[in-house]
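S.K.: When you get a sec, could you build the whole thing from the sequences and use the hints?
So the chains spell out like this:
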Amino acid sequence: MKYLDEFNDPTLAKSLFADIARITTKKWSIMEVCGGQTHAIIRNGIDQLLPDAIELIHGPGCPVCVTPLGVIDKALEIASRPDVIFCSFGDMLRVPGSNRDLFQVKSEGGDVRVVYSPLDAVKLAEENPDSEVVFFAIGFETTAPANAMSVHQAKQRGISNFSVLVSHVLVPPAISAIAGAPNSRVDGFLAAGHVCSVMGTWQYGPLVDEFDVPIVVTGFEPLDVLEGIRRVVLQLEAGTAELENAYPRVVSNNGNVPAQQMVEDVFEVCDRQWRGIGEIPQSGWRLSSRYSDFDAELKFDVVDIDSPESEFCRSGEVLQGLIKPNECEAFGTVCTPRKPLGATMVSSEGACAAYYQYRRLDGSPVEVKVG
Amino acid sequence: MCLAVPGKILEIRDDRGTRMATIDFDGITKEICLAYLPDMEIGEYAIVHVGFAISRVDEASALETLQMFKDLGILEEELGIEPTEELTS
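Protein chains in written order, with this note's numbering: chain L, 1 to 371; chain F, 372 to 460.
A portion of the hints provided could be inaccurate.
In silico BS3-like pairs for lysine-lysine, Cα to Cα no more than 25 Å straight-line [unchecked claim]:
{"hint": "1", "chain 1": "F", "residue 1": "LYS441", "chain 2": "L", "residue 2": "LYS123"}
{"hint": "2", "chain 1": "F", "residue 1": "LYS379", "chain 2": "L", "residue 2": "LYS123"}
{"hint": "3", "chain 1": "L", "residue 1": "LYS106", "chain 2": "L", "residue 2": "LYS123"}
{"hint": "4", "chain 1": "L", "residue 1": "LYS14", "chain 2": "L", "residue 2": "LYS26"}
{"hint": "5", "chain 1": "L", "residue 1": "LYS106", "chain 2": "L", "residue 2": "LYS324"}
{"hint": "6", "chain 1": "L", "residue 1": "LYS14", "chain 2": "F", "residue 2": "LYS441"}
{"hint": "7", "chain 1": "F", "residue 1": "LYS401", "chain 2": "F", "residue 2": "LYS441"}
In short, the hints are calculated from the structure, not lab data. Small disclaimer: the values here were computed from a predicted structure and weren't measured.
M.R.: Okay, structure coming up:
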């Protein structure tokens with residue numbers, strides 16, 4: 001039980017595990033949607049300390065992982081232009097496109113920069129009026145308000161050398177697609193706490209009703225994840241399906257209303273491709289037509305780039321919870337974080353990266369040194 | 372990049388109509404935007420994601436979460452410092 005010592009409150013963790021073991025009488029499959037939760041689960045061995053009857057299925061909640069290959073190729077094309085300063089969150093730089101990644105573009109002389117905040121990119125545009133500054137606006141609902149503000153601010157300040165390559169994705173339509181799939185094995189969901197801190201919990205009630213599944217809004221710390229699992233199991237064992245908020249210290253029913261208003265002003269809902277999964281209707285945001293002057297796809301004429309995905313990478317099955325990362329033939333052999341086939345091996349929130357970092361090839365835990 | 376880190380507001384200022392703050396993440400200070408939590412005050416803690424305060428938190432849970440980030444050695448990564456150049460393998 002070496003993992004228990006790694007919880008910040010081992011006594012509480014032990015009692016939560018004991019409680020879950022006590023109430024579990026049947027087999028249940030629970031999906032954690034957020035990649036941050038996946039990492040907490042694998043790092044702390046939560047999946048291995050739970051009763052065998054409970055299987056955790058890792059969901060598609062890693063924004064870097066699901067950004068479609070075609071969009072990465074668009075980013076690479078734009079970043080290669082001599083007049084462009086291409087700004088991105090750090091996670092995206094090693095995500096493989098069809099032939100290369102942003103790091104390679106940078107090493108070949110492209111001006112690719114990592115920014116902490118989208119507003120840093122707006123500032124760069126102000127400071128470099130002779131360059132085109134492009135920000136790679138990806139992410140779930142948590143990140144969208146920040147990205148929306150960059151566009152809003154650029155418009156307000158009349159900064160015309162700033163544009164965004166947008167590929168936003170939304171959690172509720174993904175849950176809907178997974179819960180509604182004919183081969184769905186998911187009995188209950190842990191919803192992503194930080195997404196809900198922005199959007200609130202109100203979007204999830206209709207999903208609970210439509211698919212008759214418990215959804216528990218859950219944080220990403222190990223004890224939060226355990227508490228979320230415990231609440232889902234309690235509901236499943238009682239035969240109920242309700243929306244619960246197990247992360248009230250951060251999440252409210254209404255969420256962050258000013259952030260939602262900004263997103264609504266700048267973006268509009270669209271169908272979106274998810275890397276490895278395919279198109280999910282109404283599952284993304286794109287720039288609203290009011291802001292089309294800031295659309296990098298139009299500005300750099302890359303709208304038509306579309307790229308077929310690798311047949312060798314099984315990240316789509318991983319993202320849908322159909323296989324575990326170590327069940328892929330390429331895992332840890334031809335596919336590693338330094339030479340990834342797919343984005344799930346790159347991102348700090350990707351399931352393959354979590355397994356690689358904390359597990360042996362057969363999925364069993366490696367000895368983690370506790371510091 | 373999808374995680375959010377709690378920090379303490381040290382200073383608040385206006386940047387051409389946008390409310391900005393200096394925030395302390397356990398010794399690392401950053402400039403962040405308060406547009407989505409306009410009533411935050413100096414000394415309070417907020418959860419911050421890619422440079423934007425998105426939710427207010429109490430000090431005790433903020434400190435606990437910060438400690439977890441430190442223990443895991445991922446505070447710098449979440450704050451966009453030393454990104455992906457040195458991947459763990």
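S.K.: Starting from the hint list further up, note which numbers the structure goes against and sort them upward.
M.R.: 1 and 5
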